[in-house]
Structure formats: structure tokens, C-alpha cells
Amino acid sequence: MMWRSPLARVRDALRGQKVREKDLRNLVSNLPYEGLDKWKQPNRYFPGNSIKTSKYTLLLFIPMNLFEQFHRLANLYFVGLAILNFVPVVNAFQPEVALIPICVILCLTAMKDAWEDFRRYQSDKRLNSMPCLIYSRKVKQFVERYWKDVRVGDFVKVVCNEIVPADLLLLHTSDPNGVCHIETANLDGETNLKQRRVVPGVCITDPEFEAESFNSIVVCEKPNINLNHFKCYVEKPDKDKVGAGIENLLLRGCTVRNTDHAVGFVVYAGHETKAMLNNNGPRYKRSKQERRLNIDVMFCVILLLTMCLVGALGHYLWLQTLPGLPPYLVPHSNGHLDSPSLSSFYMFFTMIILLQVLIPISLYVSIELVKIAQIFFITNDIDLYDEETDSQIQCRALNITEDLGQIEYIFTDKTGTLTENKMVFRRCSIMGTEYPHKENAIRQAVLTEPDSDEEVIFTQAPQALQTQWSLDSDDVNRKDTMHHHGSRRKVPGTAHSDVAFSSPLETEVTPDKKLLQQISGAESTSVSRKIDAYLDFFLALAICNTVVVSMATAQRQRAAGHLHSFQTNNPLNPLSSFVRTVSSLRRSLTSYQRKSKRNRTISVDSSIEEDHFNPPVKLEGSGGNTGAQTCSLHVPRSSSEPAVTPDMVCYEAESPDEAALVYAAKAYGFILLGRTPDSVTVRLPSGEDLRFEVLDTLTFDSNRKRMSVLVRHPISKEYVLYTKGADYAIMELLGTPYAERLKGNQKNIAADTQQHLDYYAKEGLRTLCIAKKVLSGREYESWSADRHRALAAIENREQLIMDTAVQIETNLTLLGATGIEDRLQENVPDTITALREAGIQVWVLTGDKPETAVNIGYACRLLEEEDLVINMSCKNKLTCTSILDCTLEEVRRYVADPRNVDTTPDISLVIDGRTLAMTLSSDLQERFVELAKHCRSVLCCRVTPLQKSAVVKIIREKLKVMTLAVGDGANDVNMIQAADVGIGISGQEGMQAVMMSDFAISRFKHLKKLLLVHGHWCNSRLANMIIYFFYKNTANVNLLFWYQFFCGFTATAMIDYWLMIFFNLFFTSAPPIMFGILDKDISAEMLLGVPELYRTGQGSGEYRFSTFWVSMLDAFYQSLVCFFIPYLAYRGSDMDIFSFGTPVNTISLFTILLHLSIEIKAWTVVHWVIMLGSVALYFIVTLAYSAICVTCNAYWTLQSQMVDPMFYLVCIITTVVALLPRYTFHVLKNSIAPSPLEQARHLDRMDPITRDQWIKEWRSFRGGGQVKRSGLSVPPSPTLGTSVEAYPPSPTASEITGDEFTLNVISENYNRPVHT
Amino acid sequence: MIAAMMASSYNAKEEDGHHSGSSSHGGAGAVKSKKPDNTAFKQQRLPAWQPILTAGTVLPAFFVIGLIFIPIGIGLYVTSNNIKEFEVDYTGVDINSPCYSCAKNFSWNSTQSCVCSVNFTLEQPFESNVFMYYGLSNFYQNHRRYVKSRDDSQLNGDLSALMNPSKECEPYRTNDGLPIAPCGAIANSLFNDTLDLYYVDSNSTKTPIPLAKKGIAWWTDKHVKFRNPSGNTNLTVTFQGTTKPVNWRKPVYELDPSEADNNGFINEDFIVWMRTAALPTFRKLYRIIQKKSGTTPTLPSGRYILDITYNYPVLSFDGRKRMILSTISWMGGKNPFLGIAYITVGSICFFLGVVLLIIHHKYDTRNNSADIPN
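Chains as they are written, first to last, in my numbering: chain A, 63 to 1378; chain B, 107 to 480.
With the rest of the complex left out, here is chain A (with noise of 0.2 Å):
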């Protein structure tokens, strides 16, 4: 190596720091260096790809542990006084021995971290060490090598299922078409696949790719932690600029699929690229009780400085009544005495030193222990364990169990959380002519029975070949699903079972008659082809979206070996399986006859008519699942070439409603076969494959509410965008109707279609627009020289291509309109009224129309006939500061009444997101927030997450009361960060609310049991022991403090001082952490069947100020009790200090022991055991340590009483005395006035058929409100049967659209009758 000048070195450093900062990195290729020195490398300044996460050091441990846990205040405490402790002139213990508690708790801390720290170290090396294929000039070739050999520069192969080593720009890859396909699920969970091209015309992509032939300049921003961005171009040698972004960046972390190979350049690498930027650790938040327990924390601190006040002051009393000098005023080595005033200066510092315990050094360090079991206990009920996606609930912030028991808002979002987020195709209207689809809606009826799978059968119930076919295969696949996934046996096994949204109810549409004689009639008369609307919805179904197409084949092909080996093993599969069909049929006949009874719509023969229709339609579903099964044992990946069947296709959507309508395009024969950057391929009905060259996509984005694709029609050759989205974004955009040019059909279309729109919404339908738009050539070839523009920018790029999408969809012509369902999950409606019986107000935050939100909020029984339902919309301010006030008023005066007086008064908001931006701000904020204080539930419609966390937080705020969010999509992330205590779903879409959440639980139903009773138990186990803690160490120090007005105030203490330590370290520490965390005050049975009992828990529950107090007081009470009954039996014989000692200390252990079972509500033999072993304990530790120590104070005093009756029986009566009060305050308050949790623990103990009886009997007790609830109403339902005109008209919701602005108060119906 060439000597440099430390000078150069430094000047170097400092240039590798500026250019690391600067906002644009110019990368260039590192071959042509290869082999040189490192100083001389282009790319030097960029880390290298070698990560570290863990903490320390081997050799820096202890002073970098130590640093930080002096973080803690508490911490810094203890060692504070310890020091104190070595100066000699206040000193009140050996000054080594002060020393061990601290250390024991640092010791532990530490060993826990050293741990944690282990595990990340170990988990670096192994990926430090993964192997990956590097190209080196020298072999010409690609040789492997380890992760963090990987630098910026070079050149990374990623073959078929690896993961990617460093953020890798991709230059070539083995598609034909430059694509590569990536799974992101460890990222962010999603588990579709997603596409990634190659940045066009950068390489020559010959067969093989040739790096070195790579000369051009990588230009790319600063590393940043959005996943979902990135800009870069790339400087060509001839300085022609390639604008690339996240469509060509592979990210570290992925996993490529059915990709063979790709090739990228490292443009991050290591701790720069954007999973490592993401890579934020764990999430700390302090919980409601925490920070009370700071404040009494504080409490006891003063608490502590009076006390030695007191003691300081005392000593110098004491000292200025001596008249002479007493031989037991010890003076100084230099025989001085200190003057009364210095001395009691010097015994304030003694006493606390003595007095230190009343802080509770081991509280932190239990609570942490605790909630670790607790979350162990969450963790593993088997209540909040999903079968079907086989996860459990996550708890991923570590500390705040309790607050779950303390929830009174609950926030939460509506698709996917309260919905399955199965999106379901329900009906569609095109050109203004709807089309219900019964068939398919009684189709899905059947798959809701809890025996879906084998009742899947009876839509081919017809034709017996195919019944067997699909069974045949289904049984395999069911079988097979449970060879390897051992739990997925809910999920009827398709070969699409592995792919997101792609369960048979989502995949499989039963096509409408009426709507498949259209199709047919269209495709016969070819004449009309090319302007038949029909044709062009459907295209739009199966073009206009970003549903990436992967063959069954090439799918995670691991699957399949073991398919294959059960099929050979089985021989005797086909017949058993006939068997089965035979009964299963019979029994799905049973099934839809009682159907059938229920919906008299549907005639028999409708399935026979689907006879008459094109091949392809019947295949569909999972019909044809066989064929693709035995197809994957063999066929090797194919390319793109669309010369397979339908029925291997696989569609990997990244949204539920794209799947949706690709599906059901499908069902009508419209097949979307493949789909690469620049084409995409659709089969018709007729059976002919269309190729439409894909000029462009406009993405979606919550700002726009659609999304569209420009193609060119293969055959006509025009260019037709293609757009789908929300209802009033498309609206917006119509031009001339479409239907107009169409002759004799001159009705308006737009208004039809709006007409059902508004249908959909009322059935709680999720409703899109399809919308195409015919352009020019020369209007094209404007609009695509401005987005090419746009796209090359690395300034406001989002914004250009924003803008260059708004400037292209106008004038659009509308198609038609589709209603997708999205179903509730189950137990949805009793979760929300428990919740709500809980006395916790819900809020149900969604982007849905009103009139959708409002139907699903009768459906879960968010909103109740009798409730009062205020409708909120309008569309300036004035109105809105007048409509609030109106409103305001009302309810006042409806809270007022005096008719309303015995019950609650139900009042529910309904407010759209315009209006809710109005009202939340500045000027109007108080009113809505003292408004929504008197709701019982609110509904806002068609918010954006931005105004979801603003809701969070104002509520929040200015109310101070515990929230919580919950929701499962990239929407609520927000709202689930800005609330006390944030929930995700991990459900269908991705996993960025999960990551983002507190806990993470899989159906909304899970969320009941958290709450009443995992929160209620969390909540009052640890504020129970909390208090306990504080009591515990006041009553034993304060012990200490009595006998200081016995001995001058000159802090002495008469237990021996290892015995102290040992008291607080062992004998009383198990006891409270058993108490926090196995403590059961009522059973779950009884939280769950009277969810008012949650009440107990809110506000600040049972960890108060006057819980506090009173504990305090109690403690002063039972010290004083402790110390002066042996006081008074002892006083004036001939006892020694540390003989007293120990029946003090004795008393005191049983006092506290005793104390704590009066408080524990069930004892198990944990309990029993740790009780009894912490006094056994107490005992053999104690007389060991006297019976062995002879040099110390407390030699054989402890053998020396126990031998004296006296002993006994001075430890009885003040035991007895000490805890008579606590005791007889218990009785008297459980007897004469018990609070609502004794009653339940009363109930608790009955028999269980009983205590059923007394709980029904108690309900029905309580005030007429809630009757109400509890009354026989069947919410209307947005379910199967229900035809548009048969379902009465909500009076919300026909009104809730008025265009000016609507306020209805609806209470026509809160004044029927109470039901009795």
C-alpha cells in the first residue's frame, strides 16, 4: 500500500462526509477499478454492505451499558445515595455493602441487554454471510461472495427465489421483457407479487449481460426511507438521460420470483438502503399509568425529604437537651464532637441514605417483568388465535398492556377491519341497465356456510363429470393443504389458495343471465363490435388495472413435489373421493333447498340455462383446478407466450377490488392472460387472444380516487385510455355521453347509472365507475411528450406526473358502474355493541360514501333504529358553524330533558369529510369535540388518513381520554400512530399497519377479548401491584423512621443491614410480580358477559390518587402498628437493638405478606407456593445467616426469640391489629355497599348455568336504554335477497346526499315504547 499524508486522509474523510450528504450521488461502475487500492475506488465514500445492528462492543460493554442505563433516573438515584454512603461523615451503613442492591439491578439490566445484544450480533454475522454472486472483471464472471462484500458499484446477480443483498438497480434480467418479479412480504408483508423493469436502453441486454461494457453515470438522490420512491437517472456516455424510479430498483430484502436471474448495479448498500433505513427497532411509548406512577414516584421523593427533615431536625433537638457529654456521644478520631447544627446537617443526608428503600429501587424493574408476562399471557390465548391465517396476536410495543383496560374511543377503519376486505363482485350496471346477479348472491350465500369447501359443488351440480372433476381436485388440494400448511384447513385449497385475495369466494362469479345474452349477442354481430359498450366494460374490467399475472405453474413451485407424492401414494383417492361427492351432494342439495326456501327469487334451472355459453365460462373458478394441478408437475415456466389455458392463471392483485373485477371479467370470458410492461393480453369470449400494446399507466393515488391505462386497441388501432375509479371522481370528468351517440337510446346514461350508484351504496356496496376515452393520434403524441417529460424530472416529479394524468382523463365516457361486497367479519356487531356496553364510544373513520358507511353502520350495529342520528354535511363554513351550533343545542337540550334522564341517550353523528375538515378547524374545533362528547358513536365518511389522525388527536386532546385505533391498511397508519394504543389488522392488505401498531391482531372480533378482559386484567393486576409496591416499601422503612425517636434521630437501624437488603431483594419481591401477573379478579367468562364491568377500568381505573393515599396512610398506619405494639411489650427490659430487630422485621414480613393476600382475588397453587416460600425463605435465610455469621450484629437473635413465647405472640396480636382495619373495610364495603366488581366476582362463583340465569336477570334490571339494545331489532343487512325496492329506505341515508346540506334529526323513532 502507498504511504499517504494523514493530511490527504483527513482531507479525504472530509470529502467522503460532504459528498455523503450532497442530495445527488453520481455512481459510476467499480470494474474498471477493480483490484486498486481502496482510496483510489470512485464509490469509496458509500458504506459498504456489511451491516451492524447490535449496540456494543466486546470490549465497550460495561462503559456503554452503564452510560446508558444512567439514562434512568431512578438509576443515577441509587447510585447517588450509594456514593453518598462512602463519605464518611454521613455514612450509615458499611459503605460496600450499600452498594449491592444497585449493583443487582444493574447487573440484571445489563444481562438482559448483553442478551438482546447477542442475539443482534449473531443475526448480523448470518447475514453478513449470506452468499451472493458478485461480477469480477478478473474471472469475467459473476463469482459468489458474501453480503458485505457487496459495495456501491458493483454488479449483483440474483438468481430464482434469492434474496436481494443491497438496494440494486436493475439492468437486465433473464425476461425477454426486462421484467422481474419481486415478493415483498419481508418488507412490508404484501405478499403479491410486483413487477420490476429494467432501465430501458441503458444495457444491451444480449443473452447474456455484459457488465463491463457498462459505462455510464447512475445519478441518484440521497438514501431516504420511503419504500415507495425513488428518483435516479442514468447519464449514458453520449449524456443522454434515462429517468429511472422505484419500477427499477430492487430492494434489499425482497425476493425475486419466477425470475430467473436479474442483474442490478448497488446504488445502496448496508446500512443506506431503504430496509435499513426502515429498520427503527422496537417502539417505546409511555402508558397512562407510567406516567402516574411518576407522579407518585415524585410524591414519595417528597415524601422521603420531609421524613429526613424531620429526622435531621429531631437530631438536633435532641442533641441541644444533652446537658453534658454522654459517654455514648462518640466523638471524631481527633476526639471533637460536630455542634448540634453541623451534625444534624450531616443526619439529613444519613437518613436518606437510611430512609432510600421509600423510593422503590426494584418497582421499575418488576413492572417490566410483569408486563413481559403479561404479554407472554396475551400472546398465547388461544382465543386470539386466528386458525385460518394460523397468527397469533403480536404484541409489539412492549409496555402498555395496562392501557388496553383503560380504552374510551375507539377509532377504527372500515374496510378490512370491520369487513373481511374480501371483496366480492355483487352487481354492475352498464349503459344504465343493471344487473343484479341472484345467481351469484346466492352462490356466495352457500360458501358463507361454515362447510364452504364442500359445498362449493353445488354451482356445478349439473353437469357430473365436472362435479367430480372439482371435488376430486378440491379434496387433493385439501388434503395437501394440510400436509404442509397443517392449518390452512379452513381455506378450500385451490391452487390459488397461496395468492392474496384469491379465496373462492372472491374468485368465483356466477355470471347474470340476462347480462350473458348481452355479451353473446354483442360478439355475434361483429359489425358492432368496435363500439359495443358491453365489450368495452369488460375490457376495462380486465385491462384497466395493475393485476400481475402469473401462471398456476410458475407460482411458488415448491408446492408441488409434494403434491405429486400423495397423488402416487393414494391410489385408492378417486374412489374414496366418489364416495364422498355422493354425500356431499346430497347434502348440498339439502342446503340449497333451504335456501331456496329463504330467497324465492332463484329457479332451479338457471344453472342448466349456463349450458347455452362459450366453453371458457364454465371453466371457470375452481373448476378446472385438476388440470393445473397435474400441469405443474411437468410443464416447465413458460414464458409469456399466452399459449395456455385460462385456468392456469394466477392473478396476483395488490388490492382486493382489482381482483375482484379481474374475476369477474373472467367469469364473462373476458381473460386477462398476461401482463408485462408494454402489453397485455386478453382472451375474449369468442376465444380469440387480443394483444393491446400498453402505452402508459396512471397509478392510483388517493388524490385523484382512480387510476387509468392508455392502450392501443390492436385491431382499431385507437388509443383508449381506460379509467376506473370512485364515483364522484369520474363523475366529474364525463363528457358527452356515450349512450347519446347510440341510436334510440337516448336516456342519460350518467344519471341511470348514478341512480345506482346510489343503490349499491344503500346495500353497502364499494362502488367504482369505469370510464374509457377514445383519443387521437396527435392528442396523444402531445400528452406523451409532456409525461415523458414529467417522468424524466428529478424536481416535483410527482407532481408533474400527477398533473400529466389530471390533463389526460377528461372528457371521459362512462361505461358503467360495479358494486363490490365486502362483507362483514364475523362477530363484528356483537364485538361493537360490547365494546359499547363497555362504555366505550366507537368511531368508525372510513373513505366510503355516506350512505355505504351509514348501511354497514346499521349492519354491525354501530348505529341503532332508536338512536338519534344526526346528519352532518355541508358545504361552506357559515352553514357548518350554524349547523353545529343548531345541533349543539339540540342535544343539549335532548341531554336535558328529563324524559332522558334514566337512560343514556343514544345520539350517533354522521358526518362527511368535507364537513369534518370544517369542523376540526381552529374556530369550531371546541363545538365539534363537545358535540362528539355527547354521541355515542360517530361515522365519518370519506376521510382521507391525514384527517383520521387529526380526528385521533383532537378527540385525544381535548378530551384527554385513552384512544385506540385500529385499522389494517397503509390508510390508518396515521390514526393508529397518533392514538394512545394502535391495533392492526393483518389482514389482506399488506402489513404496514401491523408494523406500525402496538399490537397486531388478525380479526376485528379478537379485539373484544383484549379489551374486556386481557385489558381489564393487565389494567388492574398492575395498578394492584403498583400500589402494593409503594405500600410495601413505606410500611417496611417507616419502621426504620419510628424507631429514630428512640434513638436520638442518629439513624440507626435495628435490623441488621444484610437482612434489609435480603428483605426487599428476596423475601418480598416474588410475592408482588406473582400478584401483577397471575391475579384474576373475575373470570373472562364474566368480563365477557358483562362488558360494563370494563367501566371499572377507565379514567384512571383503579390506580388513583385516593387509592394512593389511602394505601399510603394505611402503610403509616400498619408501621406504626408494627413498630409500637413490640415498642410497649418490650419497653424497659433488657432487649438488645437487633433482638427488637427481629420480631419487628418478622411482624413486618407478615404483615405485608398478609396484606397481599387480603388483596389477592384467586389463589392457585402458585400463589400458595410462592406465599408459603417467600415466609420459608424468610425464615432459613434468616436463621442461616444468623446461626453462621458470628462476627455480625444479628448473630443467633432470630434462634434466640424463636425459642421465646413472647415471640409469638407479640407477632399475632400486632399482625391482627396491623391488618384489622384493611380486613374489616373489605367486609364492611363487599357487605353493605360492593362495587360492581365484587358483584361480579359473586356471580363468578356460581355454577355456571346459574350464574347464565343471574347475568340475564341482571341485564334485564338495568335501565330502559339498554333494553333497547339488547331488544330482538334485527339490523338491516346488507346481505343477499334484499332487492334494491324491497329494503326500506333508511331515512339517514335517502336524505344524507341533499346538495346544499342536509341537518335531520331523526328521532321519530326513539320515542316507540320501551320493549318490556
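With a straight-line Cα cutoff of 27 Å, these simulated DSS-like cross-link-like pairs (lysine-lysine) come out:
1. Lys468/B / Lys1318/A
2. Lys174/A / Lys148/B
3. Lys312/B / Lys390/B
4. Lys254/B / Lys273/B
5. Lys1291/A / Lys468/B
6. Lys102/A / Lys200/A
7. Lys390/B / Lys350/B
8. Lys140/B / Lys174/A
It should be emphasised that the hints constitute simulated quantities derived from the structure, not laboratory data.
We have chain A; now place chain B onto it with these hints.
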């Protein structure tokens, strides 16, 4: 903002074999379900005893406590009353007191002993063994620095500690360059009055009453905790090179020259003193008057003379000195407190029991039909 899963967990996830919905596993072997074990412990369903404190359930406890405590209390009270105790204050504060002059003129430095005699009369005979105590008031033997001012190793016979006492003994650690044995403030302030008791019979003859000076310390203290430095049987040689505490008149090996096993560190008066009292007013066992055989009382009623060699000054701290004669029962000395306490607490519990009985009849029956307040 989308946060990625911790990058370091790729592999962990892969090994776990699960992400919901993903299919990248399933190849190798059966995948373990994440389903929690359905055990009573994990599901928090351990069988438990759930006591509820209501008037009905705790009634018996109160009565039982009452019924047990009252007899115990009576027993204690009677026992305490049967103990005979006699106390003489011989401080000499009062001008009429026989020890007035001794108290007046005395300080730690004086070399001459002052002797005074106190007459007293026992109204009742003391039947069993009589314990003779000296009592000190206002003497804070529990002062923190005083309590610490000793070297237990030295007292345990450790030779190195003998010659080099612990720092705790300062400033009574060395004197004139020689280590003090026994060192420290406690030893230095050893109570050194001598008490002698005489019975004056009807014809005014003084009969000395035999006072046993052994058996007043704890057995373990005498035999384990306190030991003379081993080596030489001659204590004078053993303690060579040390000096006596400042306030002492004679060195430690002359505490009881008459008996070898009561001399040096194992002198019982010394051991008793070294067990520092818990409270500022205390008594310490001085001598035991053994019961004579037969029916004659240990101390018959009548006149007695207490001869005091007045060495110990207490007026500097307003202290008092007493001589106490007491018989002993199984519960120690006379103290009526515990008996009274037991009777009182027993009665209170009984009373509470009655109150609870009433409450039980009034409230417990309607208990369950009560309403949960909202």
C-alpha cells in the same frame, strides 16, 4: 411512511416458516402451527380458590379471634401480675438520697471509688429465682455511631484484630500508640458500679445474699461470639502489647481474676454490656439469686441494704441508675401491656363479629340482586 420489518429478521422469519398468506414454505417438512397450547396455565384457567370477604364469610373468623385472644390476654395479664418486681433508684439526684454526694463529686477521671448504701424493704417474699438487674435511663446505647463502635473480630479472639483493631473503634482504637483491648466506645463506657445486697434480719445483722455472676449472658455469646485470644493460657501475656480502654480502671484481663472462664473478653458482665440495648431506658441482667432448696423464699420479706460502689456517672446526660429485683416467668419480666392488648383486641374482634352478624342479616341476602351502576 412504510416501515420495513427489521431487516435482521429475514432469516428468522424464514425459519419460522410462516408469513400469513405467503407460500414460500411448505416444502420442507411439516410446519409447526403457531396455535398456543391449550393448557390451564397458558390460558390462565388454573384452578383457584377465590375467597370473597363478606360479612357472612368472615364472621366465624372474628368470633374465633375474639374467643382465642381474650383467654390468652387474661392468662398473660395474670402471669404478669404474679411476677414480683422491686426497683430502687440510687442515682442520687435528690439531696436526701444516700448516693447524693457520690453522684455530685463523681466523674470518669476520679480514681477513688465512692461507696454508698441504700436501705429498702421488701413487703412480700420473692419465691423463685430472683434476677437482679441494673437499669439505666436516658442512656442511648442505640446511638448509631455508638452501636458501631466495636470490633467483633477482636472480641472473637482474632489476634490480628487484637493488635490492630478496626477503624470503627475510632477514637477509642489506640491509646498512646498501643491498641486498646477491647476497643470502641461501647467497651469504653462499660457499666462499672458494683452492687452488693444484704438481708437485714430482725436483730439487725447484715447477711450477704449470694449473687451468681455466671449464667447471665447468652450461652452463644459466651461460648461462640466472645472468645479470648488463644495462644497463652495466661491472659496477662495474651493481652501484652495492648492497653485498657481509657475509662477503665483495670485492664480487661483483670475483670474477674478469681475465675478464669469469666475473665477477659468472656467476662459475662462485659458480654452483657456489649449487647447494646434497644431503647434508651433499659435494664441489664447483673446477678442471679438462686433459689435455695426447700420452702424458704429466695428473698424473704424484710429489710435489705444495697451497697453500691458508685463508679458510673450518669448526670452528664440526665440519666438514672436503678437496681431491679424481679422474679421471672415464661413470658419474661413484668409487663401487663401484652395481656391488656390481647384482651382489648379480642373484645374488639368479638364486637366486630356481632356488628357483622347484624350486617350480614341486613345486607348479604340482597347482595346479588344489586345493580351495576353505570
